[in-house]
Amino acid sequence: MGALQSSPGRPEYSDLAEKTGFSFEQIGVLHKRFKQLSHNEETLRRDHFNEIDDLAFNPIRAQIIEAFFDRRNFHQNGEGKVQEIGFEEFVVVMSHFRPPSAHMTEEQRGKTRREKLRFLFNMHDTDNDGIITLEEYRHVVEELLSRSGTLEKETAKCIADAAMLEVASISVGHMEPDEFYEGITFEHFLKLLERFEIESRMIIRFLNMDTTTLCK
Amino acid sequence: GQSHTFFLLLICVVSPVKGEAVSQHGHSSNITGIPIISFKWHHVETPYLVAFWVLVSFLGKLVIEANHHVTSVIPESALLICFGFILGGMIWAADKVQTFRLTPTVFFFYLLPQVILDAGYHMPNKLFFTNLGGILVHAVIGTCWNAASLGLSLWGCQMGGAMGDLDIGLLQYLLFGSLMAAVDPVAVIAVFEQVHVNDVLFIMVFGESLLNDGVTVVLFNVFDAFVSLGGPKIDAAEIIKGIVSFFVVAFGGSLVGLVFGLLISLLTRCTKNIQIIEPGFIFVLGYLSYLTAEMLSLSAILSIVFCGMCCQKYINANMDENSVQTVRYAMKAFANGSETIIFVFLGISAIDKVIWVWNTGFILLTLLFVLVYRFIGVFFLTWILNRYRLVPLEFVDQVIMSYGGLRGAVAYGLAVMLDENKIKEKNLMVCTTLIVVYFTVILQGITMKPLVMWLKVKRAAVTEVSLLEKLTNKMFNHTLVAIEDISGQIGHNYMRSKWKYFEENWMSWILMKPSARKKQDQVFDVFHQLNLKDAMEYVTEGERRGSLEFVRNENSIIDFKKKSESESFDINNANMSNDHGAMSTTSRDPIPSVSLEMHEQIMKAVREAEAINAHHLLDQHLYKSRKQHRHRFSRSHFDINRDEKEVQEIFQRTMRNRLKSFTSAKMGVKPPKTIVKHTQKEQQQKPMKILSRSFLGSEGDSASGYDQSYMRATYRAGAGIENPAFMPDLDPMDLLQIPPWLGESELDSSMVALSHRAQVDLPRTPSNLRRLAPLRISTRSTDSFTLENIPDTQSATPITDNIYAWF
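Heads up: the sequence lines are chains U and X, in that order. Heads up: the first sequence is residues 1 to 216, going by full-length UniProt numbering. Heads up: the second sequence is residues 1 to 807, going by full-length UniProt numbering.
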């Protein structure tokens with residue numbers, strides 16, 4: 001089993017482990033995968049992601065790949081996009097999907113939840129103004145729905161509009177005739193997805209097995 | 001007073017009826033003259049009795065359900081059993097012998113299948129398969145553990161002398177254990193339906209109760225065979241055969257069910273021309289799957305469950321809406337009816353001196369062991385499971401799971417099937433089984449709800465899912481799959497997406513009608529629901545205001561629910577997949593139907609809005625206009641020809657307009673007011689939460705304006721739907737302002753015309769839907785809407801507006 005042979009006690013691993021909460025083994029597995037994806041180079045670029053076959057079927061492939069290159073997801077309070085990422089950034093982005101540790105305080109749980117929802121929010125909010133505007137939302141929904149071929153773009157657009165309408169009515173409530181509804185802010189987003197059990201669902205099980213040999 | 005007479009009547013009927021049966025023979029041999037009327041009891045005996053007992057059970061249910069206070073404390077099943085006691089007592093008093101009992105044949109062949117079919121058909125598949133591992137562990141290992149531990153403990157106790165002098169061997173104890181071990185689906189449904197615990201907990205218990213039949217059948221048959229063979233003949237070969245038979249029975253049964261399910265799906269693909277008896281196929285084939293499995297000595301329950309689970313998606317897609325509704329309601333009716341009869345007869349069967357063999361030790365010990373071992377089994381297995389589950393089962397959930405391990409009629413049926421020649425103490429076993437069943441159903445049933453509340457178990461979410469949540473959920477699932485791909489892990493999501501891919505591209509292709517395939521999207525479902533809601537409110541509001549123009553048909557009942565949520569089995573799936581976009585409860589009020597022309601226009605409009613045959617759906621749900629009742633008398637054809645063309649253009653235009661409204665709003669451009677007449681109204685508008693719908697945006701505004709993304713909440717006078725019928729000086733050809741259903745086609749005065757208010761108001765946001773939906777269900781006349789709205793002619797009316805949002 002390859003994972004167990006990962007080099008113990010690498011200094012950068014311990015840094016990462018502390019920062020992201022992954023175990024050494026998991027970081028080792030991820031490192032192997034990183035190297036595989038990047039063809040043993042130091043950094044990953046977008047075209048490396050495009051090489052992953054299975055990803056081609058995913059309707060929101062573009063958004064997801066962008067998420068890896070989005071500085072906002074690197075937990076360093078940065079903004080904007082980068083062109084390539086190193087292993088550290090890769091692991092940080094992956095850490096959004098880490099299973100929660102067994103004992104978490106209420107506060108930690110809340111924090112995790114915010115982080116995960118922020119990740120999703122960032123996927124919608126491409127221009128980073130902190131608001132998901134109608135246009136941005138439409139774009140995402142169109143990709144999401146019409147890419148899979150079952151719905152047409154027009155319909156997807158209607159659905160996006162309908163969703164925005166709903167959000168507007170829920171979040172803002174009563175609006176004066178002159179008021180604008182600009183878009184979904186992060187706070188609204190949080191509130192609307194209250195019932196969404198993201199902490200328990202946004203988890204990838206990082207198996208302690210070297211699966212990189214199993215799937216390409 | 002009423003119930004007294006009923007009971008007396010009952011006795012009066014039952015006794016002489018029995019008397020007559022005997023004396024019937026005498027008549028036929030000596031006819032002296034032509035009998036004008038004769039009492040031919042023998043002729044109708046069997047069906048009469050059957051129908052009679054069904055009637056009695058249902059009447060019992062009627063009496064019980066009369067008072068909700070009682071049923072909220074004591075579950076209905078318990079009350080039915082008590083009712084059965086009373087009835088049994090009466091019959092006993094009349095006949096001195098228990099003439100009516102729940103016989104295994106009747107139970108297993110005529111009463112149980114429909115309950116299970118209903119369960120399978122309404123099973124939330126996604127939830128089930130997500131938790132399948134846990135369910136299987138509990139069903140298989142848990143049941144085996146229950147059986148073995150109960151049998152061995154009782155045997156041990158007998159050896160220890162706790163039960164006095166009983167002639168039961170070890171094998172017989174194990175047999176008894178195996179029939180007591182199984183958690184009963186009927187009882188679980190009956191008790192849990194009141195309680196509404198959270199989905200995962202429910203599915204674990206319920207799934208277990210269904211799947212454990214595979215094990216129960218095997219165990220029972222194996223031990224029955226062992227008992228027949230006798231002790232010495234059991235060697236390793238037999239035991240291995242037993243284990244192999246488990247796999248055969250379980251998988252074989254499931255396979256049979258799957259085959260039948262696929263068969264049903266394929267059939268419904270072709271039954272377009274016989275929509276009237278379409279529902280019949282489901283029931284017949286479901287029943288056949290049960291019987292086929294039974295014939296092959298496989299697990300019949302597994303078969304019918306998987307049949308129902310497999311076909312549900314395709315049936316709902318392929319069949320006509322009416323048929324879907326019919327199936328749903330009929331299934332519920334049968335299942336509920338069967339349950340009622342089962343519980344009543346469980347009660348009646350108790351009053352039978354023959355079976356009452358009392359052995360304190362045996363009975364009490366059985367009860368104790370059943371409970372204790374259930375708790376131990378569940379906790380232990382869940383502890384193991386939690387190590388592998390992403391979301392561990394909480395402690396309180398486990399308590400409820402253990403406590404919810406109810407035994408029911410299946411155990412009793414199996415007990416009665418024991419061969420008394422081989423098993424001397426059969427009556428004792430039957431008696432004990434009955435007592436355990438009563439204990440679990442009555443006592444545990446009554447205490448379940450208080451326990452759930454005391455332990456603060458998480459309850460099922462009952463709120464509607466918003467469109468945003470659905471979309472986010474979808475996005476989320478794709479994200480998870482992507483991350484799995486990127487990280488190179490083969491995970492749950494990977495599997496699921498592979499299955500989904502296979503299912504969408506292969507199975508749906510074979511099993512679903514092409515037109516149905518396009519509709520398969522749950523997000524779309526919610527969207528569609530919102531549309532329907534709007535459309536229906538539009539109609540109502542239109543009726544209210546332009547009321548004189550409407551042709552009322554008081555007899556039509558319009559059911560707005562696309563997917564029914566019956567009270568008896570309501571799993572509101574918080575997970576998005578099988579979410580039927582929870583519309584409000586069934587509106588059973590007679591809703592005046594819309595006049596024909598209006599009907600057609602709306603049909604066209606709605607259809608295009610969704611780019612599929614939504615009209616079909618609306619047609620069946622909302623508008624049963626007079627014309628429909630005038631259809632030719634034919635047993636098979638109900639449809640009226642609709643001209644499917646013409647709509648495209650009208651509708652595309654409206655869509656474009658609507659989107660333009662966003663644009664012009666974003667540009668902050670005040671759309672030109674081409675209608676001068678109603679400017680005065682705009683000032684006095686009550687502030688509304690609306691998004692601008694200026695249908696007057698010109699062509700020029702389009703496309704370019706998409707960088708400013710404001711949704712302007714504003715109201716533009718005269719920007720609503722202009723109704724030429726009210727404003728004859730308006731150019732009726734100005735299509736930009738006229739909603740499709742009022743534009744273009746011949747508008748004569750008999751058409752529905754919108755009131756002044758309707759034209760002037762603008763669409764409101766869907767939040768008003770929520771306010772309105774409950775109002776709609778009220779039995780007050782539609783005029784009461786005026787009470788709700790501010791009695792000011794200028795005030796905004798919500799309803800019409802909503803519709804425009806979609807059209």
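In short, the hints are calculated from the structure, not lab data. It cannot be assumed that every hint is accurate.
For lysine-lysine, the following DSS-like pairs were computed, each having C-alpha atoms within a straight-line distance of at most 27 Å [unchecked claim]:
#1 U/Lys191 / X/Lys500
#2 U/Lys157 / X/Lys474
#3 U/Lys153 / X/Lys424
#4 X/Lys500 / X/Lys313
#5 X/Lys498 / U/Lys35
#6 X/Lys498 / U/Lys32
#7 U/Lys191 / X/Lys456
#8 X/Lys40 / U/Lys153
#9 U/Lys111 / X/Lys458
#10 X/Lys474 / U/Lys153
#11 X/Lys500 / U/Lys116
#12 U/Lys153 / X/Lys513
#13 X/Lys458 / U/Lys116
#14 X/Lys332 / X/Lys353
#15 U/Lys191 / X/Lys126
#16 X/Lys313 / U/Lys116
#17 U/Lys19 / U/Lys116
#18 U/Lys81 / X/Lys96
#19 U/Lys157 / X/Lys513
#20 X/Lys332 / U/Lys116
#21 X/Lys424 / U/Lys111
#22 U/Lys35 / U/Lys81
#23 U/Lys116 / X/Lys96
#24 X/Lys332 / U/Lys157
#25 X/Lys474 / U/Lys191
#26 X/Lys474 / X/Lys96
#27 U/Lys153 / X/Lys500
#28 X/Lys332 / X/Lys513
#29 X/Lys456 / U/Lys111
Where chain X lies over chain U, by a calculated footprint (3+ residues, C-beta under 8 Å) [as the list claims (entries may be wrong)]:
#30 14-21
#31 24-38
#32 72-82
#33 104-115
#34 138-146
#35 164-170
Quick partial rundown of chain X residues pointing at chain U, CB under 8 Å, derived from the structure [to be verified]:
#36 Cys82
#37 Ile86
#38 Asn386
#39 Arg387
#40 Leu393
All values reported here derive from a predicted model rather than from experimental measurement. Just so you know, even glycine gets a beta-carbon here, dropped at the ideal spot from N, CA and C.
Consistency of the hints with the structure:
1. At roughly 30 Å between alpha-carbon atoms, U/Lys191 and X/Lys500 are farther apart than 27 Å, so this suggested pair is violated.
2. For a cut-off of 27 Å, the pair hint linking U/Lys157 to X/Lys474 stands: about 16 Å separates their Cα positions.
3. Taking the CA atoms of U/Lys153 and X/Lys424, the gap is near 73 Å; set against the 27 Å cutoff, the hint is violated.
4. A distance of roughly 13 Å separates the Cα atoms of X/Lys500 and X/Lys313; the hinted pair therefore holds under the 27 Å criterion.
5. Taken as a hint, the X/Lys498 and U/Lys35 pair is honoured in the structure, with Cα atoms around 26 Å apart against an allowance of 27 Å.
6. With a C-alpha separation of about 24 Å, the suggested pairing of X/Lys498 with U/Lys32 holds against the 27 Å cut-off.
7. Taken as a hint, the U/Lys191 and X/Lys456 pair is honoured in the structure, with Cα atoms around 24 Å apart against an allowance of 27 Å.
8. Our distance criterion of 27 Å between C-alpha atoms is broken by X/Lys40 and U/Lys153, whose separation comes to about 70 Å.
9. Of the pairs offered as hints, the one joining U/Lys111 and X/Lys458 holds, with about 23 Å between alpha carbons and a cut-off of 27 Å not exceeded.
10. For the hint linking X/Lys474 to U/Lys153, the alpha-carbon distance of about 17 Å falls within 27 Å, and the restraint holds.
11. Distance check on the hinted pair: X/Lys500 and U/Lys116 sit about 25 Å apart at the alpha-carbon level, within 27 Å; holds.
12. For the given pair, U/Lys153 sits about 23 Å from X/Lys513 by alpha-carbon distance, which is consistent with the 27 Å threshold.
13. Restraint check for X/Lys458 and U/Lys116: the C-alpha separation of about 23 Å stays at or below 27 Å, so the hint holds.
14. For a cut-off of 27 Å, the pair hint linking X/Lys332 to X/Lys353 is broken: about 35 Å separates their Cα positions.
15. Taking the CA atoms of U/Lys191 and X/Lys126, the gap is near 26 Å; set against the 27 Å cutoff, the hint holds.
16. For the suggested pair X/Lys313 and U/Lys116, the alpha carbons sit about 32 Å apart, so the restraint of at most 27 Å is broken.
17. Distance restraint check for U/Lys19 and U/Lys116: the Cα-Cα separation of roughly 16 Å lies within the 27 Å cut-off, and the hinted pair is therefore satisfied.
18. This hinted pair does not check out: U/Lys81 and X/Lys96 have alpha carbons roughly 88 Å apart, beyond 27 Å.
19. Taking the CA atoms of U/Lys157 and X/Lys513, the gap is about 26 Å. The hint holds against a cut of 27 Å.
20. Between X/Lys332 and U/Lys116 the alpha-carbon distance is near 41 Å, which puts this suggested pair outside the 27 Å criterion.
21. For the proposed pair X/Lys424 and U/Lys111, the alpha carbon gap of about 66 Å is over 27 Å, so the pair is violated.
22. About 22 Å separates the Cα atoms of U/Lys35 and U/Lys81, which keeps this hinted pair within 27 Å; it holds.
23. Between U/Lys116 and X/Lys96 the CA atoms are separated by roughly 71 Å; this puts the pair beyond 27 Å, and the hint is violated.
24. Of the pairs offered as hints, the one joining X/Lys332 and U/Lys157 is violated, with about 38 Å between alpha carbons and a cut-off of 27 Å exceeded.
25. Proximity of X/Lys474 to U/Lys191 is assessed by CA-CA distance (about 18 Å); at most 27 Å being required, the pair is judged to hold.
26. Between the alpha carbons of X/Lys474 and X/Lys96 the distance comes to roughly 65 Å, so the proposed pair goes past 27 Å and is violated.
27. Restraint check for U/Lys153 and X/Lys500: satisfied, since their Cα atoms lie roughly 22 Å apart, inside the 27 Å limit.
28. For the hint pairing X/Lys332 with X/Lys513, the CA-to-CA distance comes to about 26 Å; that is within 27 Å, so the pair holds.
29. Between X/Lys456 and U/Lys111 the alpha-carbon distance is near 25 Å, which keeps this suggested pair within the 27 Å criterion.
30. With a cut-off of 8 Å between beta carbons, the segment 14-21 of chain U has 0 residues touching chain X; three or more are needed, and the interface restraint is violated.
31. Counting residues of the segment 24-38 of chain U whose CB lies closer than 8 Å to any CB of chain X gives 4, so the stated coverage by that chain holds, three being the minimum.
32. Counting residues of the segment 72-82 of chain U whose C-beta sits closer than 8 Å to any C-beta of chain X gives 0, which falls short of three, so the coverage hint is violated.
33. Evaluation of the coverage hint for the segment 104-115 of chain U: breached, as 0 residues show C-beta separations to chain X shorter than 8 Å, against a requirement of three.
34. Chain X is given as covering the segment 138-146 of chain U, and this holds because 4 residues of the stretch bring a CB closer than 8 Å to a CB of that chain, at least three being needed.
35. Judged by the Cβ-Cβ criterion of 8 Å, the segment 164-170 of chain U is covered by chain X as claimed, because 7 of its residues qualify and three suffice.
36. Look at X/Cys82: its Cβ only gets to about 40 Å from chain U, farther than 8 Å, so that hint breaks.
37. At about 46 Å, the closest approach between the beta carbon of X/Ile86 and any beta carbon in chain U exceeds 8 Å, and the interface hint on this residue is violated.
38. Checking X/Asn386 against chain U by beta carbon gives a least distance of about 11 Å; that is not within 8 Å, so the hint is violated.
39. Proximity of X/Arg387 to chain U is violated relative to the hint, the smallest CB-CB distance being about 11 Å (cut-off 8 Å).
40. Interface hint at X/Leu393: violated, since its Cβ lies 12 Å from the closest Cβ of chain U, which is beyond the 8 Å cut-off.
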